[in-house]
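*Asks:* One line per chain: the protein sequences are A and B, in this order. Residue numbers for the first sequence follow full-length UniProt numbering, beginning at 1 and rising by one. Residue numbers for the second sequence follow full-length UniProt numbering, beginning at 1 and rising by one.
Because the hints were derived from the structure by calculation, they are not lab data. A hint or two may mislead.
As the list claims (entries may be wrong) - Calculated cross-link-like contacts (lysine to aspartate or glutamate; reagent style EDC-like; alpha-carbon spacing at most 16 Å):
#, chain 1, residue 1, chain 2, residue 2
1, B, Lys158, B, Asp26
2, A, Lys188, B, Glu86
3, A, Lys188, B, Asp53
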Amino acid sequence: MDYFAQQLINGLTLGSIYGLIAIGYTMVYGIVGMINFAHGEVFMIGAFIALIAVLSLFALGVTAVPLALLLALVIAMALTGLWGWAIERLAYRPLRNSFRLAPLITAIGMSIALQTFVALTQGARSKPLPPVIRGGFTLSEGNGFAVSLSYMQILIIVTTVVVMAAFSYLINSTSLGRAQRACEQDRKMAALCGVNVDRTISLTFVIGAALAAVAGLMFLAYYGVIDFFVGFVAGIKAFTAAVLGGIGSLPGAMLGGLLIGLIEVFWAGYFTAQYKDVAAFSILAIVLIFMPSGLLGRPEVEKV
Amino acid sequence: MKPLLTVRGVETYYGAIRALKGVDIDVFEGEIVTMIGSNGAGKTTLMNTVCGDPRARSGRIVFDGRDITAMPTHEIMRLSIAQSPEGRRIFPRMTVYENLLMGALLGPGDDASIKEDLATVFGLFPVLERRQGQRGGTLSGGEQQMLAIGRALMGRPKLLLLDEPSLGLAPLIVRQIFSVIRDLNRTQGLTVFLVEQNAFHALKLAHRGYVMVNGQITMSGPAAELLARDDIKAAYLEGGVHA
């Protein structure tokens, strides 16, 4: 039981990170119908910006860790959002009315370009961040096994909950969110209602990138090391999460993220760590056989 | 009367196909103008060209004194044109209430006027008030049409564009919708441009009418005169002065 509880905590932490990245995939798919394969790299760039920001803030004498992290979070969200905006503007918008595969191919190209760019400018070696938050609670002890919940884990889960709550409010209850959903459901009608569709699509990329930056900072702080390649695996996992939850569905992306995180951690904990990815992808395959539109996705057919 | 919408020599293409072949129309303030014609004549294309999508390849469109020929759709609409489009295009996964709020983007936008406009729309179509919290996609055809018109009215438009509001609806509902439009025109001076295949109802409602055939205007004049013409009766009212 103690072991189970520990894996649950670890799984939720990892799942939170996946979920935040998955939202970017699902939002972009919902509004422009493409899989933004460069989104994993946006997450990686977010992590790098966060790392540079944290180290610069420390160097500038901001030694209070919570303050430094908060500032780094804001900086990373803003700058990564800018990257998301630029990527859409440069690589996807010119191809919007092109054939369906064109933006997909460009996205893969963009992903390679971003990886290479970071490898060249930041170096290919992995970059460490000394542990910034140490310690935690020991929830129970006995039978030679202690269940611990680190401050870092609490921070990640709480941040995710707060960010998700703010994000849900934005999408469900503000006119900006309504415009976003309108473009997703009927772009032409949204324009007829006076919505600037291009700007709304840009904004979707910015929001997705900002959430990926939150995930990037948490990944950096949790694992303490990043390199130019971290976006690839995390991106594939988050994409899997988005598909598992039902691509296009925002709650689905979060649910999918948590599930992929839990599956991975439990598999590694009870079976073998080497096969944890196989487990996650197998569950995806099984779910898609029985529920082709994912757990919370809507079926393709719609009443007209 | 002041001209609100002026269309001159407009040509619109779909690829190599010339869908509009030099169309001229005028809509004056306070008028209901209808465009009748058979399926595929180019009526909807004209309405969409006014809204900037597809764009006119040649010709000129002026609304309220401004040349809108080259403007992007959302900017044209913000000059206070609202469209209730062909097929209604209700946002299917938004509630009725949210659909109405989408229409309010063209209006003044403050809470008080939104509340006031909601009350007006609910007064015109009480069924929408009862269905407020329901998703748009679950409404019946008639309710969706009322919602599409209600959404357009939320923007307090100077010009209301209505595309085939009678399509696929029961006669009773068509009559209800048309009487709402007539009342809005009479009491508030709302200017309406109506595209219809249901020529009889449209000409009964409108002040003036145009007949479109194959992307060209072939006849125009006061609606009552058009309605009385034998060639129109033969071409568009055949099989039914469905009174």
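*Asks:* Confirm or reject each hint.
*Replies:* Structure-based check of each hint:
1. For the given pair, Lys158/B sits about 15 Å from Asp26/B by alpha-carbon distance, which is consistent with the 16 Å threshold.
2. A distance of roughly 12 Å separates the Cα atoms of Lys188/A and Glu86/B; the hinted pair therefore holds under the 16 Å criterion.
3. Between Lys188/A and Asp53/B the CA atoms are separated by roughly 9 Å; this keeps the pair inside 16 Å, and the hint holds.
The structure shown violates none of the earlier numbered hints.
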